[in-house]
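Following the hints, position chain P against chain X.
As a plain string of letters, each chain reads:
Number of protein chains: 2
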Amino acid sequence: MKAIVNIYLKEGVLDPQGKATKHALESLGFKNVQDVRIGKQIVLDLDIEDKEEAYKEVEQMAQTLLANTVIEDYNIEIVQ
Amino acid sequence: MKAIVNIYLKEGVLDPQGKATKHALESLGFKNVQDVRIGKQIVLDLDIEDKEEAYKEVEQMAQTLLANTVIEDYNIEIVQ
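Those protein sequence lines, which keep their order, are chains X and P.
The letter at position 44 of the first sequence is residue 59 when you use our numbering, and the numbering goes up by one with no holes.
The letter at position 6 of the second sequence is residue 21 when you use our numbering, and the numbering goes up by one with no holes.
The shape of chain X in the complex, shown without the other chains (with noise of 0.2 Å):
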């Protein structure tokens, strides 16, 4: 079973990838962008078969390790 995990800043934290994007966009002659956040994408295939049990699982693996949850937000999806 195939798990993503996306990744985010919470709003309100900023985000100066993001901003650096935006200004090299603008400079490019993308003037259309208003904001720009970057986050994370993470796929994960994992070895089991039931998806509610796959995704408890990468609940608790984005809880630990992937997420630093004090500024960031993420949601699972589980597919296949």
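Keep in mind that the hints were calculated from the coordinates and are not lab data.
Taking lysine-lysine pairs in the DSSO-like style, the calculated list, with each CA pair at most 30 Å apart, reads:
1) P/Lys46 with P/Lys25
2) X/Lys17 with X/Lys55
3) X/Lys55 with P/Lys66
4) X/Lys37 with P/Lys25
Coordinates of chain P only, in the frame set by chain X:
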């Protein structure tokens, strides 16, 4: 209009960050992880109303700045 660009390493390209994460998960007791790949998720707020136009503009951004197309692939999702 909001666009999400997911950027991930092409198949066959080594992902040391993913490998390190896999090992860290294993050492925490998550034994069912077969593979971990880490990519970026970029969320753009655009001042464009037309969905098709937004897609084209974001495609250009991905090609010229956001992705390194030698080693990375991307997909674009236009939301709202």
